[in-house]
Amino acid sequence: MSYGTGFAIYFVLWWVTLFAILPWGVRPQHESGAVESGTDPGAPARPMLLKKLIWTTVVSGVIMAAMVWARKNGWSLLDLPIPGMPK
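Residues in the sequence shown are numbered consecutively from 1117, following my numbering.
Hint data in this document are derived by calculation from the structure and do not stem from the laboratory.
The structure presented is a predicted model; accordingly, all values stated were derived computationally and were not measured.
Among the hints, erroneous ones may be present.
Derived DEER-like restraints, expressed as beta-carbon distance ranges [said to hold, decoys possible]:
1. ARG1143 with THR1121: 18 to 26 Å
2. GLY1141 with PRO1197: 31 to 39 Å
3. ASP1195 with GLY1149: 47 to 55 Å
4. MET1201 with GLU1152: 54 to 62 Å
5. THR1121 with VAL1151: 24 to 32 Å
6. ASP1195 with TRP1171: 25 to 33 Å
7. GLY1120 with VAL1175: 32 to 40 Å
8. ASP1195 with VAL1151: 49 to 57 Å
9. LEU1196 with ALA1159: 23 to 31 Å
10. VAL1128 with PRO1157: 32 to 40 Å
11. ILE1170 with THR1121: 53 to 61 Å
12. THR1121 with THR1173: 50 to 58 Å
13. GLY1149 with LEU1193: 26 to 34 Å
C-beta atoms are modelled at their ideal positions from N, C-alpha and C, and glycine is treated no differently.
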């Protein structure tokens, strides 16, 4: 895998992971009891974006490392058994 391909895969993986991690620990303003005027009551009270960006980078880095390791060891999706196919 070239560096450009690896970066493109990591970029997409990072964004998908970010959207998976964004809901972690979200508490809406109306549940915390302190709704800022001019904002939606369902908006996060404390978004903790820096913490989520760090977690996104760590999780996507682990997934990317596992993908690179599997690729270097010759594993691919073709190695997975397909139901109904003869062995």
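Quick rundown of the hints versus the structure:
1. Between ARG1143 and THR1121, the C-beta spacing of about 39 Å breaks the proposed range 18 to 26 Å.
2. Checked against the given bound of 31 to 39 Å, the beta carbons of GLY1141 and PRO1197, roughly 38 Å apart, stay inside it.
3. Checked against the given bound of 47 to 55 Å, the beta carbons of ASP1195 and GLY1149, roughly 53 Å apart, stay inside it.
4. The beta-carbon spacing between MET1201 and GLU1152, approximately 57 Å, falls within the hinted interval of 54 to 62 Å.
5. Evaluation of the 24 to 32 Å hint for THR1121 and VAL1151 yields a failure: the beta carbon distance comes to about 46 Å.
6. Range check, ASP1195 to TRP1171: about 30 Å between beta-carbon atoms, so the 25 to 33 Å window is met.
7. In this structure, GLY1120 and VAL1175 break the distance hint of 32 to 40 Å, their C-beta atoms being roughly 23 Å apart.
8. Checked against the given bound of 49 to 57 Å, the beta carbons of ASP1195 and VAL1151, roughly 53 Å apart, stay inside it.
9. A beta carbon spacing of about 42 Å between LEU1196 and ALA1159 contradicts the range 23 to 31 Å that was offered as a hint.
10. The beta-carbon spacing between VAL1128 and PRO1157, approximately 33 Å, falls within the hinted interval of 32 to 40 Å.
11. Checked against the hint of 53 to 61 Å, the C-beta distance between ILE1170 and THR1121 comes to roughly 25 Å, which is inconsistent with it.
12. Judged by the Cβ atoms, the range 50 to 58 Å given for THR1121 and THR1173 is violated: they are separated by roughly 20 Å.
13. For the pair GLY1149 and LEU1193, the supplied restraint of 26 to 34 Å is violated, since their beta-carbon distance comes to about 49 Å.
Going through the hint list in order, the structure does not satisfy hints 1, 5, 7, 9, 11, 12 and 13.
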